[in-house]
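Engineer: Sequence:
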Amino acid sequence: MTENWQNKLYYGDNLVWLRNHEHFPSESVDLIYLDPPFNSKSDYNVIFTEPGGAKKSQAQVQAFDDTWNWDKEASAEAISELDKLSLPIAELVSWLGQGNKTLKSLGAYIAMMSVRLIELHRILKPTGSLYLHCDPTASHYLKMVLDQIFGPDNFRNEIIWRRTGWNSAAKRFGPLHQTIFYYGKSKATWFKPVYSPYTKGYIAEYFTESDERGRYRPVLLTGSGKRQGDSGKPWRNYDPSSSARHWAIPNYMNKKYFEITGQELPKFAFLVRLDELDRVGLIHWGKSNGGGVPNYKYYLQDAPGVPLQDIWAYQPGTEDCVYDKPDQSIDQDVKWLSTRDRERLNYPTQKPEGLLERIIRASSKEGDLVLDPFCGCGTTVAVAQRLNRRWIGIDVTWIAIDLVEKKRLLATYGESLKGTYLVKGNPTDNESAEALAKKNKKEFELWAISLVPDAGPREHDGGVDGVLGFQEHNRKVRKVVIQVKGGETLTPSIVRDLIGTVEKENAAIGLLITLRKPTSGMQELATHAGKYVYHTPLWEKEYFRIQIRTIAELLEGKTFDLPSGESPVKKSERLKPKNGKML
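When you read off a place in the sequence shown, starting at 1, and then add 179, the result is the number in this note's numbering.
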């Protein structure tokens, strides 16, 4: 890792952050993966499991609204910016904006994406890569934008990823795939092949031979084209020139020879190298037209697998097809997430970690900087952390930032991870909290609820903004409800309403978070609302049934007095230590 580096989560509009050259200097990022909204005209909700009762209920909070509307003022500004850069994208956006409602929506989306992709191109190193995840809604337009910004010569792949098992679409073939466009910044873009396991069928077809060292595949020891030097001369009665070929000793043979003998093969004269390989048993003599054709032995134990191609599609029902992995299916690592998957956090559009692991391994090295400007629930940053990459995540919603930090990173790696990353853009004092409340009331509420450990939000329902739970001695789960008040005038009636909500919800405790200092009448009502008594066979403890804390108090570390909590939001599984170290 780079000395003194701290990973970062940025809260806010990624375009604003990306244009800040102090935070994002030019040519500073090694790998960018982005999974932006697709203009699907859908609302996406985060599902939370709420505590309380024998059967836990489900609550949903909107994460983002994936519908783009043509705003003449905003779009005109984007077109003007694109014109200044002499990019024909401006003409595309303008043309879409003159169409019907669907085309105008696409125009707004392409305008939004174009100005961001320009900044992402700026901050990418010459050796860097960008992977853009999208679907057929706008993929054809996005590729036009990418070609103009990155240049068509820097297009590397259109990767097809199978996103689901089936789709019962009417009057068309079921849409099962999404697209990942892979672009390099330049010809110097760094790339390392990633391999998938062999199938049993592949092994049976190609690794057909074996000796005392194990199973191997015979591979031609020659390359195409004639040569004038020693590599074109006959050896052991076989003349490669007769087939317009020449001797080609792969580096694998150099390594294998050294492994067996402890000597460097290239120190010998060229044809003597072939003698040496045959002497130690690394040449396979096949039969062709009555004569022996020399091949080298490529051992299965040394084979890394099949280099990944551009179709990444999990194949259900192929268990027992993968060689030496009887419980694994083909492309198991990039399987879409189901409700049964342990890594699922109930966040909309969440991608499997295996998908990001392929990308990060292929296009970055340990210590490289990985950026996800639409980080959502944090799959990219979680995988980057695990693979020892530096990382930056940006998201415009606090619910995403909170999920990444508490339910992904800290839940997976523990409190020891604190101090290795920073959260930027979040309110840090009463003044910035008030600014957020004025800008976006819902975002303020989500942020305020995140100040309560283990609490999760609930979409406005019966006066409840947030909820958490704890388990009584008899294992019964009890609920704690939360209300948040930002710029509202504070009166005792707010406390009376909260008391009623606690009773209606059959909750043990009600919490009130206020931006401003509560009145003495509110404090008096809260004190006289009674207490909840937590019983055990050996002791009991009382908690005020209604508790009030200001934002300033929570920021100072003054917490609510509660029994131990149970998070209503599913967390990532904690990684187990290996050899005394946390993975």
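Everything labelled a hint here was simulated from the structure, so no lab data went into it. Just to be clear, a hint being listed does not mean it is correct.
[What the hints assert, rightly or not] For lysine to any residue, the following SDA-like pairs were computed, each having C-alpha atoms within a straight-line distance of at most 20 Å:
| id | residue 1 | residue 2 |
| --- | --- | --- |
| 1 | Lys514 | Asn474 |
| 2 | Lys737 | Glu721 |
| 3 | Lys621 | Gly666 |
| 4 | Lys412 | Gly380 |
| 5 | Lys603 | Gly736 |
Engineer: Each hint needs a verdict: does it hold in this structure or not?
Structural biologist: We went through each hint and held it up to the structure:
Simply put, lysine 514 and asparagine 474 have alpha-carbon atoms about 38 Å apart, too far for the 20 Å limit, and the pair is violated. The hinted pair formed by lysine 737 and glutamate 721 meets the criterion: a straight-line CA distance of about 18 Å does not exceed 20 Å. Of the pairs offered as hints, the one joining lysine 621 and glycine 666 holds, with about 12 Å between alpha carbons and a cut-off of 20 Å not exceeded. The hinted pair formed by lysine 412 and glycine 380 fails the criterion: a straight-line CA distance of about 37 Å is larger than 20 Å.
A C-alpha spacing of about 19 Å is found between lysine 603 and glycine 736, which places the hinted pair at or below 20 Å, so the restraint holds.
Hint compliance for this structure: hints 1 and 4 are not met, and every other hint is.
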